[in-house]
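Asks: Residues per chain, in single letters:
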Amino acid sequence: MLLAAIALFTWVPTAASAAVSLPATKAELTALGKTHKTAWDLYKDFEKQANGGQRLKGEQLPDWSGTYTRDPPGLYFDIDQGRNPVPPAKLTPEYDKRFHDKLDRVKNKIEFDPLSNCAPPGHPRWLTEPFLREFVPTPGTTYLINEMVNDIRRIYTDGRGHVPEADRYPLYDGDSIGFWDGKRLVIHTNQLRDGQYQRSQPDYSDQVETVEIWEKVDDKHIVAHVWVYDPPSLVEPWYVKQQYTKLDDPQRELRIRYWDCRENQNNEVIQTDTGSSQFRDFTFDKATPTPPTPATSR
Amino acid sequence: MSARSRSSVIRASFQSGSVSALVALAALSIACTPSSPGAGNTPARGTAAGASQGAALIPADKDAKVALGLTYKSGAELYAALKTKAGGGAPLSLDDMPDWSGFWQRVGPPLFDPEQKRDELTTAKLKPDALADLQHRRELSAQGIEYDPLSNCSPPGFPRWLAIPFLREFIVTPGQTYLFSETMNNLRRVYTDGRGHPPAADAYPLWYGDSIGFWTGHTLVIHTSQVQAGIFHRNDPKYSEQLDAVEVWNKVDEGTVVVDVWVYDPETLVEPWFVRQTYKHVSNPDGSLRVGYWFCGENPNNTVIQTDKGTSQFGDFTFTKPDDKQ
Numbered sequence: 015m016l017l018a019a020i021a022l023f024t025w026v027p028t029a030a031s032a033a034v035s036l037p038a039t040k041a042e043l044t045a046l047g048k049t050h051k052t053a054w055d056l057y058k059d060f061e062k063q064a065n066g067g068q069r070l071k072g073e074q075l076p077d078w079s080g081t082y083t084r085d086p087p088g089l090y091f092d093i094d095q096g097r098n099p100v101p102p103a104k105l106t107p108e109y110d111k112r113f114h115d116k117l118d119r120v121k122n123k124i125e126f127d128p129l130s131n132c133a134p135p136g137h138p139r140w141l142t143e144p145f146l147r148e149f150v151p152t153p154g155t156t157y158l159i160n161e162m163v164n165d166i167r168r169i170y171t172d173g174r175g176h177v178p179e180a181d182r183y184p185l186y187d188g189d190s191i192g193f194w195d196g197k198r199l200v201i202h203t204n205q206l207r208d209g210q211y212q213r214s215q216p217d218y219s220d221q222v223e224t225v226e227i228w229e230k231v232d233d234k235h236i237v238a239h240v241w242v243y244d245p246p247s248l249v250e251p252w253y254v255k256q257q258y259t260k261l262d263d264p265q266r267e268l269r270i271r272y273w274d275c276r277e278n279q280n281n282e283v284i285q286t287d288t289g290s291s292q293f294r295d296f297t298f299d300k301a302t303p304t305p306p307t308p309a310t311s312r
Numbered sequence: 006m007s008a009r010s011r012s013s014v015i016r017a018s019f020q021s022g023s024v025s026a027l028v029a030l031a032a033l034s035i036a037c038t039p040s041s042p043g044a045g046n047t048p049a050r051g052t053a054a055g056a057s058q059g060a061a062l063i064p065a066d067k068d069a070k071v072a073l074g075l076t077y078k079s080g081a082e083l084y085a086a087l088k089t090k091a092g093g094g095a096p097l098s099l100d101d102m103p104d105w106s107g108f109w110q111r112v113g114p115p116l117f118d119p120e121q122k123r124d125e126l127t128t129a130k131l132k133p134d135a136l137a138d139l140q141h142r143r144e145l146s147a148q149g150i151e152y153d154p155l156s157n158c159s160p161p162g163f164p165r166w167l168a169i170p171f172l173r174e175f176i177v178t179p180g181q182t183y184l185f186s187e188t189m190n191n192l193r194r195v196y197t198d199g200r201g202h203p204p205a206a207d208a209y210p211l212w213y214g215d216s217i218g219f220w221t222g223h224t225l226v227i228h229t230s231q232v233q234a235g236i237f238h239r240n241d242p243k244y245s246e247q248l249d250a251v252e253v254w255n256k257v258d259e260g261t262v263v264v265d266v267w268v269y270d271p272e273t274l275v276e277p278w279f280v281r282q283t284y285k286h287v288s289n290p291d292g293s294l295r296v297g298y299w300f301c302g303e304n305p306n307n308t309v310i311q312t313d314k315g316t317s318q319f320g321d322f323t324f325t326k327p328d329d330k331q
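Chains as they are written, first to last, in our numbering: chain A, 15 to 312; chain B, 6 to 331.
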């Protein structure tokens with residue numbers, strides 16, 4: 015009897031105990047997004063399937079320790095885009111035109127990235143940035159950390175809701191709440207600023223909202239299923255899968271340091287003759303071809 | 006169902022099972038607790054009992070703490086002595102973690118030593134060059150001439166990090182503790198997984214240096230080296246990249262985290278500078294308080310201009326008037 019009681023009350027949720035049913039294929043996951051009008055609807059559906067979700071603590075929390083990086087490392091929001099310059103997102107006519115205008119400018123080497131001014135990428139672009147990451151689940155908050163510009167997303171899993179509507183305004187990383195479904199973390203994010211999914215990728219508006227399901231699928235990989243909803247820019251939700259791979263660090267010498275964007279002289283930005291921006295005197299290692307020399311006007 | 010009532014249901018359903026679970030777990034933990042250092046009298050979660058571990062490690066009296074610092078030549082030596090005294094420390098158990106969650110804010114004036122009196126130059130015992138530098142900067146400051154690297158969106162760096170205002174979070178995990186300050190999104194990483202500092206060949210000055218630590222009970226002991234030169238605060242002394250420091254962190258009650266700090270810097274300090282920092286828990290009963298991304302460059306108040314005197318000042322900086330209800 016005592017053993018039964020111990021077994022019952024020391025039960026630890028596992029990934030296998032996740033209640034939310036996720037289809038296996040990308041087409042099905044995309045279709046799942048389309049069955050809900052908003053990200054909030056999809057999130058509430060997941061929450062219902064998970065009976066409200068769980069609050070994990072102590073040994074129940076998944077071990078996501080270590081340092082990760084996005085894999086594969088490309089700059090496309092959808093890693094399945096391949097070499098196609100146009101992503102599979104279904105854009106509204108306005109945002110489709112805006113996107114193709116951008117591609118035309120890029121062809122002429124005219125491109126401005128807000129990161130050049132040390133601005134953070136913002137979510138959902140945050141998902142696609144390179145460099146190092148740490149994922150830190152704690153009992154009431156999960157911290158999703160990207161090395162670049164010290165960018166930390168906070169996912170509140172203590173049962174709180176989003177901030178009241180009267181207090182909302184667009185933020186770089188928005189406002190994220192979530193719940194645990196076994197060892198999967200389900201997140202809803204709203205209150206975002208407008209932005210772009212990446213360089214040479216479409217724009218999104220400040221009505222963008224996302225649902226994410228994060229899961230460690232083996233010792234080295236964490237995946238995030240992501241549904242993006244944005245009525246001004248997307249005809250239908252955009253489903254993508256992001257993957258992050260744990261870096262080998264047997265000597266435990268790998269560190270993440272404070273990212274002071276301005277102190278890297280490679281980050282000195284100049285205006286080129288064509289009106290674009292470029293890093294001054296930026297050089298890659300010799301193994302990589304040297305980029306065109308920018309104009310010297312500031 | 007509203008978000009708040011939804012969360013209440015979740016909380017109620019979770020707690021209904023947890024009382025019995027705690028009874029069962031308590032029985033297990035009594036039977037299975039190892040006799041490792043710091044674990045024999047494991048304190049209750051996040052209570053003053055946790056501080057008693059630190060109290061056993063270091064003296065309670067300030068004069069004795071100052072004297073303790075004087076018996077060692079460097080932060081590294083003091084840290085090694087504390088680690089030996091703690092039997093090497095003990096890794097945190099996932100089911101017995103100190104609860105340092107929530108938001109915190111420093112208590113005290115914008116000076117590195119919160120106990121410094123208004124008419125004092127500093128409580129640090131400075132070498133002549135550092136003393137002359139401080140006196141010169143204080144004279145300029147009295148004339149309204151002051152330059153703070155934060156004006157250019159630089160981070161404060163460590164150990165100044167300990168003394169800056171705004172919100173903080175202290176995030177404890179078994180192998181690593183993250184000490185976050187809202188200002189410039191400063192995140193210190195303290196490695197408590199047993200690793201040492203990087204090899205000397207790989208060490209170079211950093212804003213936050215390199216921090217390793219160990220736990221004894223719910224007390225966190227940290228050693229930091231490899232820092233960039235800087236200032237302890239506006240109107241405070243400068244320090245060199247030879248600085249290293251030891252911190253002993255304790256949550257002394259539900260609303261207070263204290264940090265005893267010994268700073269060693271053979272270039273600027275005659276003897277180690279001991280200070281105590283205090284952080285108070287910020288009330289957030291409905292959970293609506295958030296920390297957002299701090300993008301220094303987007304605040305128009307952060308436009309820095311050069312004044313006629315050659316100093317820097319924020320362009321068009323305005324405070325909100327106390328009676329402004331808008």
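No wet-lab data here; the hints were simulated from the structure.
Even for Gly, the Cβ is constructed at its ideal location relative to N, Cα and C.
Do not rely on the hints blindly, as some may be mistaken.
As the list claims (entries may be wrong) - Covered by chain A, per the in silico footprint, the following chain B stretches (three or more residues, Cβ under 8 angstroms):
{"hint": "1", "segment": "183-192"}
{"hint": "2", "segment": "205-217"}
{"hint": "3", "segment": "267-280"}
{"hint": "4", "segment": "288-295"}
To be verified - Cβ-Cβ distance ranges computed for the label pairs, FRET-style:
{"hint": "5", "chain 1": "A", "residue 1": "ASP55", "chain 2": "B", "residue 2": "VAL287", "range": "26 to 36 angstroms"}
{"hint": "6", "chain 1": "B", "residue 1": "GLU82", "chain 2": "A", "residue 2": "ASP263", "range": "24 to 34 angstroms"}
{"hint": "7", "chain 1": "B", "residue 1": "LYS285", "chain 2": "A", "residue 2": "LEU117", "range": "29 to 39 angstroms"}
{"hint": "8", "chain 1": "A", "residue 1": "ASP263", "chain 2": "B", "residue 2": "ARG123", "range": "47 to 57 angstroms"}
{"hint": "9", "chain 1": "A", "residue 1": "GLU277", "chain 2": "B", "residue 2": "ILE150", "range": "56 to 66 angstroms"}
{"hint": "10", "chain 1": "B", "residue 1": "GLY93", "chain 2": "A", "residue 2": "ASP85", "range": "29 to 39 angstroms"}
{"hint": "11", "chain 1": "A", "residue 1": "THR52", "chain 2": "B", "residue 2": "GLY297", "range": "34 to 44 angstroms"}
Asks: All the hints need checking, so say for each whether the structure fits it.
Replies: Each hint tested on the structure:
| no. | hint | verdict |
| --- | --- | --- |
| 1 | 183-192 | holds (count 6) |
| 2 | 205-217 | holds (count 5) |
| 3 | 267-280 | violated (count 0) |
| 4 | 288-295 | holds (count 4) |
| 5 | A:ASP55 with B:VAL287: 26 to 36 angstroms | holds (34 angstroms) |
| 6 | B:GLU82 with A:ASP263: 24 to 34 angstroms | holds (29 angstroms) |
| 7 | B:LYS285 with A:LEU117: 29 to 39 angstroms | violated (53 angstroms) |
| 8 | A:ASP263 with B:ARG123: 47 to 57 angstroms | holds (49 angstroms) |
| 9 | A:GLU277 with B:ILE150: 56 to 66 angstroms | violated (25 angstroms) |
| 10 | B:GLY93 with A:ASP85: 29 to 39 angstroms | holds (37 angstroms) |
| 11 | A:THR52 with B:GLY297: 34 to 44 angstroms | violated (23 angstroms) |
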